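Student: I would like the entire structure built from these sequences, with the hints used as guidance.
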Amino acid sequence: MKKIITIVILALLGTTVYAETISFNRLNKIQLNDNIKKIFISEDLITNNNDKYKYKNEIISYLKDRLGNSGKYTVSVGKPVDVDLNKETVAIISGEVISSGEVVTGQFSEVAYCKGGLVGLFSDFAAVASSTNISVKSMKCQQCSGEFDKTTNMCKGRITIGTCEITCKSPSLPVEVTEFVAGLLLGPSPEIQVIRIYKYKNIALFLQTNLSITEFGKVRKMVYSRTDSSSFGRHYTQPGSIAHVRESSQGSGIILPLVQEIMVAPMPEELAIVKASNPGSAIGKWYDRVAPDADDIPEGETKSIRKQLVHKAVNEFVKNLVPHKIEVDIEIDSNGNEDSIKLIKEGNYIDAIKTIKNVDPLLEPDMYNLALLLEATAINKDNFEEVLSHYLQLNEKVQDDRYIQGIGRVEKAIRNLNRIKNI
Amino acid sequence: MLKKIQNFIYVFMSFFFISCAPSTIELSLSRPPEIFPEKVKKIAIANFEVVELNFEALSERNGNWKVNQVEFNEKSKVSVSNLVRAKVVNLLSNSQFDISYSDEFAKLDNDEAIRNAISAEGFKEENVDAIINGKIWINIDNYDGVDLAKETLKFIESGEEGGPGFAVDSLIFWPYKGIKGSLILEVKLTRIDPTEIIAVAVDKRTFGYKIGGAPPNLIGKIKNAISEGKEFLAEKKEVVEIEQSDLVIPTFEDTLSMMAESVSAVFSRKIAVTEKMVEISIAKGGDPLGEKFLTAGAYLTAIKQYQSVAENKNSNDIYNLALCYEAIGDFGLANTLYNEALDTDLNNLIYAEGVGRIERLKREYRQLSNLQ
Numbered sequence: 001m002k003k004i005i006t007i008v009i010l011a012l013l014g015t016t017v018y019a020e021t022i023s024f025n026r027l028n029k030i031q032l033n034d035n036i037k038k039i040f041i042s043e044d045l046i047t048n049n050n051d052k053y054k055y056k057n058e059i060i061s062y063l064k065d066r067l068g069n070s071g072k073y074t075v076s077v078g079k080p081v082d083v084d085l086n087k088e089t090v091a092i093i094s095g096e097v098i099s100s101g102e103v104v105t106g107q108f109s110e111v112a113y114c115k116g117g118l119v120g121l122f123s124d125f126a127a128v129a130s131s132t133n134i135s136v137k138s139m140k141c142q143q144c145s146g147e148f149d150k151t152t153n154m155c156k157g158r159i160t161i162g163t164c165e166i167t168c169k170s171p172s173l174p175v176e177v178t179e180f181v182a183g184l185l186l187g188p189s190p191e192i193q194v195i196r197i198y199k200y201k202n203i204a205l206f207l208q209t210n211l212s213i214t215e216f217g218k219v220r221k222m223v224y225s226r227t228d229s230s231s232f233g234r235h236y237t238q239p240g241s242i243a244h245v246r247e248s249s250q251g252s253g254i255i256l257p258l259v260q261e262i263m264v265a266p267m268p269e270e271l272a273i274v275k276a277s278n279p280g281s282a283i284g285k286w287y288d289r290v291a292p293d294a295d296d297i298p299e300g301e302t303k304s305i306r307k308q309l310v311h312k313a314v315n316e317f318v319k320n321l322v323p324h325k326i327e328v329d330i331e332i333d334s335n336g337n338e339d340s341i342k343l344i345k346e347g348n349y350i351d352a353i354k355t356i357k358n359v360d361p362l363l364e365p366d367m368y369n370l371a372l373l374l375e376a377t378a379i380n381k382d383n384f385e386e387v388l389s390h391y392l393q394l395n396e397k398v399q400d401d402r403y404i405q406g407i408g409r410v411e412k413a414i415r416n417l418n419r420i421k422n423i
Numbered sequence: 001m002l003k004k005i006q007n008f009i010y011v012f013m014s015f016f017f018i019s020c021a022p023s024t025i026e027l028s029l030s031r032p033p034e035i036f037p038e039k040v041k042k043i044a045i046a047n048f049e050v051v052e053l054n055f056e057a058l059s060e061r062n063g064n065w066k067v068n069q070v071e072f073n074e075k076s077k078v079s080v081s082n083l084v085r086a087k088v089v090n091l092l093s094n095s096q097f098d099i100s101y102s103d104e105f106a107k108l109d110n111d112e113a114i115r116n117a118i119s120a121e122g123f124k125e126e127n128v129d130a131i132i133n134g135k136i137w138i139n140i141d142n143y144d145g146v147d148l149a150k151e152t153l154k155f156i157e158s159g160e161e162g163g164p165g166f167a168v169d170s171l172i173f174w175p176y177k178g179i180k181g182s183l184i185l186e187v188k189l190t191r192i193d194p195t196e197i198i199a200v201a202v203d204k205r206t207f208g209y210k211i212g213g214a215p216p217n218l219i220g221k222i223k224n225a226i227s228e229g230k231e232f233l234a235e236k237k238e239v240v241e242i243e244q245s246d247l248v249i250p251t252f253e254d255t256l257s258m259m260a261e262s263v264s265a266v267f268s269r270k271i272a273v274t275e276k277m278v279e280i281s282i283a284k285g286g287d288p289l290g291e292k293f294l295t296a297g298a299y300l301t302a303i304k305q306y307q308s309v310a311e312n313k314n315s316n317d318i319y320n321l322a323l324c325y326e327a328i329g330d331f332g333l334a335n336t337l338y339n340e341a342l343d344t345d346l347n348n349l350i351y352a353e354g355v356g357r358i359e360r361l362k363r364e365y366r367q368l369s370n371l372q
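Here the protein sequences come in this chain order: A and B. If you're matching positions, the first sequence starts at 1 in our numbering and goes up one per residue. If you're matching positions, the second sequence starts at 1 in our numbering and goes up one per residue.
Rather than coming from a laboratory, the hints here were simulated on the basis of the structure. One or more of the hints may lead you astray.
Keeping only pairs whose Cα atoms sit at most 25 Å apart, straight-line, the calculated BS3-like set for lysine-lysine is [stated by the list, open to error]:
1. A/Lys412 with A/Lys325
2. A/Lys72 with A/Lys381
3. A/Lys201 with A/Lys52
4. B/Lys124 with A/Lys221
5. A/Lys56 with A/Lys303
6. B/Lys41 with A/Lys29
7. A/Lys412 with B/Lys292
8. B/Lys75 with A/Lys218
9. A/Lys54 with B/Lys75
10. B/Lys77 with A/Lys52
So the derived label-pair ranges between C-beta atoms look like this [unchecked claim]:
11. B/Asp103 with A/Asn35: 23 to 33 Å
12. A/Lys64 with B/Asn54: 33 to 43 Å
13. A/Val83 with B/Ala120: 31 to 41 Å
Sample of chain B residues at the chain A side, in silico, Cβ under 7 Å [stated by the list, open to error]:
14. Arg61
15. Ser79
16. Lys154
17. Lys177
18. Ser245
19. Val248
20. Gly297
21. Glu353
Predicted model, so just to flag it, every value in this text is computed and none were measured. Beta carbons are placed, not taken as given, at the ideal position from N, Cα and C, and that holds for glycine.
Tutor: Next up, the structure:
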């Protein structure tokens with residue numbers, strides 16, 4: 001077993017790639033009129049009649065920051081005042097914000113797979129990693145001593161009852177695969193299936209922005225319009241609400257105590273089990289009262305979720321209008337000049353370029369790092385052509401997949417540049 | 001036994017997805033419009049009229065169904081109309097047309113208002129060649145019910161196949177919630193001078209999502225595992241996605257937005273040049289460096305590489321070179337080279353697919369029809 005774990009760890013270490021996060025420039029796809037230097041975001045022109053969760057101000061603020069930070073335009077919130085539209089051309093952003101949300105509570109029945117021993121422990125990790133609900137149960141387990149009929153799958157010997165502790169998980173691929181592999185390595189372990197019920201609360205949020213940018217000057221013309229939406233969904237299970245209504249290890253149902261505690265007419269036990277899983281029945285309603293409610297989103301997290309929703313609903317509109325940066329995990333050559341590598345890690349690309357250009361003789365590792373930095377800071381076609389020539393030179397000297405990937409990336413960037421829609 | 005077979009299938013599929021990943025490149029191919037709206041450069045967007053908007057909440061307890069009709073006020077209807085209209089504008093915004101999305105045209109509520117406005121010749125906005133308007137029918141049901149189904153539970157003492165164990169059947173209620181909906185969208189493009197309807201698209205989209213309910217049968221479980229497996233093995237995306245859960249039903253607006261996006265694409269394809277990403281196979285067994293350039297998307301460098309090894313006359317290299325030309329939009333050379341590769345091996349499916357793609361382009365694009 002130890003050998004297997006060692007081999008797995010070594011294999012994982014062997015495949016580790018040491019990459020650095022580099023911030024790359026990406027150019028806008030829509031080119032506004034060159035004379036436009038000012039963008040106005042008019043609050044009156046962004047309607048919010050159906051903005052139930054009041055995202056409008058956050059969207060305006062996001063637009064102002066992102067467009068303003070590009071350095072390409074002066075962005076103001078409000079109507080274009082002190083602007084002579086006969087002499088100057090400006091752009092105005094207008095649009096609509098739609099937001100909605102729903103909170104839904106309910107009850108689920110599910111079949112859970114329960115395992116004891118080491119196999120159960122391994123699959124617990126997989127279950128936690130895949131956010132699968134786990135319930136631990138100390139229970140009476142039946143054991144068959146004597147003859148077991150493989151044809152009928154029945155115990156023909158004596159059935160004895162012992163105590164065992166099992167952990168039960170919702171079915172999911174990671175859990176199934178882990179159990180399968182763990183079973184192969186560790187051997188068999190008891191397997192019990194249960195039907196359990198639990199309470200949940202679902203929270204769904206939705207945001208849509210319909211944004212347009214219009215050129216205002218001697219000519220009034222809408223230059224670009226875009227609609228994007230974002231949504232959030234979270235499923236809460238209240239762990240305390242999980243109740244096993246039936247376990248395969250027991251001949252009888254396990255909800256008998258539950259049935260006895262409520263005032264219902266005597267009924268066959270099998271029927272009581274059935275009713276316990278029905279939210280409309282007397283037993284089901286009783287379960288409603290005893291099961292706690294699931295939590296809402298913690299207050300501190302709400303801000304972060306709103307931020308993510310706004311970002312996704314507006315980001316593409318902004319990216320199409322102004323250059324932006326993206327972060328890419330990419331391998332830098334650690335055999336290059338140490339000072340320049342330090343500067344790259346600090347994000348100081350300009351000084352790193354200067355440092356590498358002073359290195360003499362300029363060998364492949366530094367040439368590659370230089371090409372990478374020039375690619376990251378490129379803002380026009382000439383810059384990309386220069387980067388391409390660096391990668392091509394490198395690849396002529398020594399063929400390396402990193403250089404080929406670089407050539408591919410830069411060729412693609414040049415192709416995209418040629419596609420920019422010039423309004 | 002059944003579970004072991006399932007487990008085996010899951011593990012087999014995982015390895016299958018990893019080992020059988022085909023060597024392909026993703027190309028963006030332009031698709032010509034079905035109708036060429038001649039002399040139309042600037043299109044204004046009028047109102048999308050909400051003809052029908054039904055939203056019902058249905059719930060069942062103990063066999064009794066209750067239906068609650070959700071009422072919409074005028075403001076909500078306008079919002080629904082704008083939501084759908086924005087999706088149409090979104091797709092046309094990147095097309096060959098100039099799109100005008102102003103209040104002047106948004107006020108044109110229906111066909112009659114457009115006819116009146118055209119006959120009055122009273123548009124403030126200049127050079128508008130055509131107007132798009134639409135009609136929307138929406139039916140969405142939210143339902144909350146309970147399935148009743150039998151489930152067989154197993155107990156295996158040792159976990160070993162054939163080991164001591166037994167099975168018990170249990171009848172259980174399986175609560176579920178869901179959303180079902182349909183959106184019918186009629187979009188019309190009307191030329192102003194001469195006044196005529198150039199294109200009409202009427203299409204329907206349905207949407208359904210259910211959480212909970214009775215567990216699926218074996219085939220359903222395998223289908224779920226396949227979709228889950230794809231997700232499980234998918235590459236992590238660069239952008240961190242917002243949290244989503246398969247156990248959460250999308251909101252009314254989200255549902256509407258998804259259906260509107262899908263149905264708008266039909267109209268967009270009718271009148272505008274659209275782009276489509278397709279996966280195309282690379283031929284294996286040719287020049288390895290050329291193949292690396294091609295896979296990396298370095299098409300121009302790959303062309304130079306394949307030209308430098310042209311004397312080898314390797315049909316895979318000829319096909320991959322054609323692929324490079326197709327990727328950069330030189331369909332003439334791509335056509336010649338695909339045919340050259342196919343001539344060397346008429347049974348090669350990949351080569352035939354290349355010839356087929358260009359043949360289809362020739363049929364679809366009139367300007368390409370004179371390719372040899």
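Student: Compare the structure with each hint and give your call.
Tutor: Hint by hint, here is what the structure shows:
1. A/Lys412 with A/Lys325: 16 Å, holds
2. A/Lys72 with A/Lys381: 18 Å, holds
3. A/Lys201 with A/Lys52: Answer holds: A/Lys201 to A/Lys52 is near 20 Å, not above 25 Å.
4. B/Lys124 with A/Lys221: Holds, at about 12 Å.
5. A/Lys56 with A/Lys303: Since the Cα atoms of A/Lys56 and A/Lys303 sit roughly 14 Å apart, the hinted pair holds (cutoff 25 Å).
6. B/Lys41 with A/Lys29: 20 Å, holds
7. A/Lys412 with B/Lys292: 15 Å, holds
8. B/Lys75 with A/Lys218: Outside the cut-off at roughly 34 Å; violated.
9. A/Lys54 with B/Lys75: 16 Å, holds
10. B/Lys77 with A/Lys52: Holds: B/Lys77 and A/Lys52 sit about 15 Å apart, inside 25 Å.
11. B/Asp103 with A/Asn35: 23 to 33 Å: Holds, at about 25 Å.
12. A/Lys64 with B/Asn54: 33 to 43 Å: 40 Å, holds
13. A/Val83 with B/Ala120: 31 to 41 Å: 33 Å, holds
14. Arg61: 3 Å, holds
15. Ser79: Holds. Min distance 4 Å.
16. Lys154: Cβ of B/Lys154 sits 5 Å from chain A, so the hint holds.
17. Lys177: 6 Å, holds
18. Ser245: 4 Å, holds
19. Val248: 3 Å, holds
20. Gly297: It holds, given that the least Cβ distance between B/Gly297 and chain A is near 4 Å, below 7 Å.
21. Glu353: This interface hint is violated because 23 Å lies over the 7 Å limit.
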